[in-house]
Amino acid sequence: MTSSIKLIAACALIVLACIGALSFWSEVRNDKDREWVRHTYLVVGKLQTVRIDITQTETGERGFMLTGQDRYLKMYGAGVDQVRQDMTELRDLTSDNAGQQEAIQRLNPLITARLAEVGDGIQVRKRSGVLAGVEAVTRENNGERWMGQIAAQIDEMRQTEAQLLSRRLETAAASTRKIKVVIVCGNALAILILLLAGFVIHRETSRRNRAEQNLKHVNERLERRTADLSETNIELESFAYSVAHDLRAPLRHIAGYSNVLVQDYGPHLDEEGLRYLGKIGDGAQVMGRLVDDLLSLSKIGRQQLALQKTPLDSILRQVVEDFAPECSGREVEWRIGALSSADCDPALMKQVFANLVSNALKYTRKREHAVIQVGQTKQNNERIIFVRDNGVGFDMQYVGKLFGVFQRLHKARDFEGTGVGLAIVQRIIRKHGGRIWAEAKLDQGATFFFTIGSPENKTSKEPEFPVVFPVIFPVTEEEMHVARS
Amino acid sequence: MSHEVEILLVEDSPEDAELTIRTLRRNKLANAVQIAEDGAEALDFLFCRGSHKERTFSHPPKLVLLDLKLPKVDGLEVLRAIRADVRTKAIPVVILTSSKEQKDLIKGYNLGVSAYVQKPVDFEQFSEAIRQIGMFWMVINQAPPAEAFVANKAQGA
Chain D
15 MTSSIKLIAA CALIVLACIG ALSFWSEVRN DKDREWVRHT YLVVGKLQTV
65 RIDITQTETG ERGFMLTGQD RYLKMYGAGV DQVRQDMTEL RDLTSDNAGQ
115 QEAIQRLNPL ITARLAEVGD GIQVRKRSGV LAGVEAVTRE NNGERWMGQI
165 AAQIDEMRQT EAQLLSRRLE TAAASTRKIK VVIVCGNALA ILILLLAGFV
215 IHRETSRRNR AEQNLKHVNE RLERRTADLS ETNIELESFA YSVAHDLRAP
265 LRHIAGYSNV LVQDYGPHLD EEGLRYLGKI GDGAQVMGRL VDDLLSLSKI
315 GRQQLALQKT PLDSILRQVV EDFAPECSGR EVEWRIGALS SADCDPALMK
365 QVFANLVSNA LKYTRKREHA VIQVGQTKQN NERIIFVRDN GVGFDMQYVG
415 KLFGVFQRLH KARDFEGTGV GLAIVQRIIR KHGGRIWAEA KLDQGATFFF
465 TIGSPENKTS KEPEFPVVFP VIFPVTEEEM HVARS
Chain V
20 MSHEVEILLV EDSPEDAELT IRTLRRNKLA NAVQIAEDGA EALDFLFCRG
70 SHKERTFSHP PKLVLLDLKL PKVDGLEVLR AIRADVRTKA IPVVILTSSK
120 EQKDLIKGYN LGVSAYVQKP VDFEQFSEAI RQIGMFWMVI NQAPPAEAFV
170 ANKAQGA
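Protein chains in written order, with the numbering used here: chain D, 15 to 499; chain V, 20 to 176.
It is worth saying that the hints were derived from the structure and are not from the lab.
Predicted model, so just to flag it, every value in this text is computed and none were measured.
This list has only true hints and no planted wrong ones.
Here's a subset of chain V near chain D, in silico, CB distances under 7 angstroms, partners left out:
| no. | residue |
| --- | --- |
| 1 | S32 |
| 2 | E34 |
| 3 | L38 |
| 4 | S117 |
| 5 | D141 |
| 6 | F142 |
Virtual Cβ for every residue (Gly too), placed ideally from N, Cα, C.
Chain V with its partners taken away, still in its complex shape (with noise of 0.2 angstroms):
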């Protein structure tokens, strides 16, 4: 891999990831962005074991955007999982979905997201909404150091 992927798009849709992607690129907000299908694909990235064991902890995406009905293991139980480990739980992870279902947001915002967009059915509103993700995430928003990534010793002690 010549870069670091900026972005995890967790979408089991094509056309969903296709058309994210494109409006992305069109905006220069993304060059690299990995698609994982479901949600075991996508922890397996995160926490670099099966296909992707050759990668390594230390340039975490920049953002992940997730799905939550995905198939093997739904987003949410992917968000948990981020949350839980010290290596993970500091990325931005935006939760990208159809839903807006009351559930699924407090559970979300309780699993500690970063934000909650509910993909509008009218392209021009996806795209915007979209377009504005990656403006935030990728060039306004500060990224966490790498010091975020480690246990802190004093407590681990």
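If we strip away everything but chain D, and leave its shape as in the complex, we get (with noise of 0.2 angstroms):
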């Protein structure tokens, strides 16, 4: 929808750079057409002081005719000049006009001729005296002549200026006009574009903020249950820390009173009574097992990640020198994988190593050549990491239960545990944003699969009933038996 937006804005702009360069040209038209009607009126002016210099020198030539007096023939003189002045300024305005300037070279010689004639009659009142003078600018009456000719040729050219004059002037009202229209129709049309984008635009915030204000709500609605969840969580967790914690005092006594038993009035006992004794122990020992494994349980789930880039090789490498001691008088063969590095809790990640490796190393104990195997695959992008053995294994139909706390699928006289390790795991796999599922067949080992995802993403849910991938590794079923027999 901002794409409409950026299209109107773009519209806006284009439409307003054209008014813009529309005017600016039709205001340099405008000025261009006034100039020339300012021209035609200084020709029109022009024409005019021609005439009016021309009378003067008559006037100048009369008085002199009359008078004989010097400033008459100095009135004469400058208005000699003056039409010569006159002629070159008119030559110059209509130098672009080509119908003047032959106009102005017939008017010249009419004008030069008059001029002489005038000339000539001041010379003879100078000469032969007042009579003589007037005689002579009478006789042949061209004067008269000479000046209806020069009137002719003076309104034939004001006329063609007037025509001009017209024409220029309808040409500037129409450019004058033509500004108008484009400055009218131009912030018509930008004020409809404005009001369009004000439209588009405010329909479009008023949306956002309604989806805003629903988001708002949904996610307070979801704050407030996440924190009533997590609330609910770590209250769960501390009351099975303080039963747990709880539990231990009696057992404890439990432990310690059967043995203070034995140690004080065992002389006293017969052999089934320190037998059922012993169970008591035994049984306290065992509840005491269940409690402690509990507790880091729920110190897990209670626990914050530290997570930090770490090098998995070197933990499983710990975990497999940890656990020396136990492999000592049993043959293992040990398969280790490169593994990459990963970000992650190394306690934790170590924890799940130390649980999966144990696990493989009590469920091949049976085995005469114990084969673990650890390593890493990808698929679809994603970094799997595997623990493999070739121990009794156990049947899919139970997977299910196998991440579950307490759950055990082997009899506690065939191999010891409390059925709280894989739940650990899970718990920290699951804290990482990871999955974890399992592949076995029974008496053919099992393999334990899991994925380290990112913290932050924890949407990804583990499926209810692991994913069974098809995935091919190095070491095959087939050379788990060969490693069996």
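Two chains, two separate frames, one set of hints: put the complex together.
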């Protein structure tokens, strides 16, 4: 939806730019048009001046004729100069107009002739006096003829200019009108676009606000529920912790007093009595281990992950070394593949490996040649770590119970244990946002797979029933058979 | 009292107290053990007040075995009081408890506990732990001299 706003903004920008350019261009045109109008007025004015100045030479001539005074002579002289200057200026002004230039070509000899005639009259007056002068001026009555022709020529030129003027005035007016139209239409268009943009933005904003409001509500509800849930979780964890903790004291007393009984009254008891006391002590010990395991399970639940880049290789090496005493007297073949490092809690990840390796060792105990393989593989761009053994395995029918607390798939008589180890492993893996699952066949070994997700990505829920991936490993079941036989 | 108390056992469970004392006795490690069943009684004893007002500070116990979960005043409060008073602060205190919760360990050590031991459920392990504690603090360790329980004059001035 933001794209429509962008489109409108782009349109508005383009329209405004066009209006600006058009206005500027029209303004320039208008200036030129008005300049031409002014120019026409100048030409018309100059034509007028030519006539006036010619009349001034005539006035000077007549004054001199009648009075012989020098000031009329000067007036005449100034008039002549003025006329020449006028003509030069007129030529310059109409340099753009060939028709007017031709008209000037026609006007020029007329004026020259008239001025020469006036000059002649003055010469006669100087030489032969008033009467001869007047006689020379009026003899052929040429003056009137010349002046008539001059006036006609000037009128023609004025006519031409008047036509030009009216055309140019019209052009100027038209361009002014055009500017007005451009400005008004452009502004109207810009306002329209702005209104449209405003409307679209308003609609978008209100829609977004509504969505945000909704999201906020949902988030708040979710946050409240998450807070409730984690509070309940913490309460449960601490309840489990304190129960387990409080159970330890009476257990200690049962174990302690049965022991004291043996120490102090052993001689008074028969063999059966001593066996019963031994059972009491053993029971207390088993329950003590259960309680301890339960405590460590609940501790993991409450613990914060201390994440760091952890070399899984060296962690696994430590674990295998730690189990060396348990391997003494047994034939155990370790097949350890390369493990890349991971972002995880090193202490907890060590416990994961320790529990899985401990399980592998436990359930291969009856094998003459135990093979324990640890390695990693990649599936769908996800690293999967596996721990595989050639031990007694289990029936896949019960795989759903595998990671449950206190759930055991073997008799305590065959394999000791509290049924908490794998629950702890699962809890640690889940806390890291990873998944764990297993694959096994009765009497043919078991393989545990797990991923270490990113802890932020906790949405990756483990499936209710672990999914079995068709993964091909270097050690096949046949190999395991071979190893066993 | 014919002889001075060597160990103060702060323990609310009579069974735990009995089993502890039995172990100490069998190892000939303590003839004079005083039991305090809650934190308040332990403080009365250590600070010679209440039912213990006839005691003097001149003979502090060589060791305090301190449980954490106690009625009235809990173990960590007792430890804080012991370490806060110059007349008692040098007494070795060993926490002997069911809990090995991280926060108890941190608090205990921050308050200056001498050692922290979790009571094992298994009786043989329990006995062995008590024997080793008794052996170390009663026999191997050098108890603080009397001068350790008076305020340093140079500092006090």
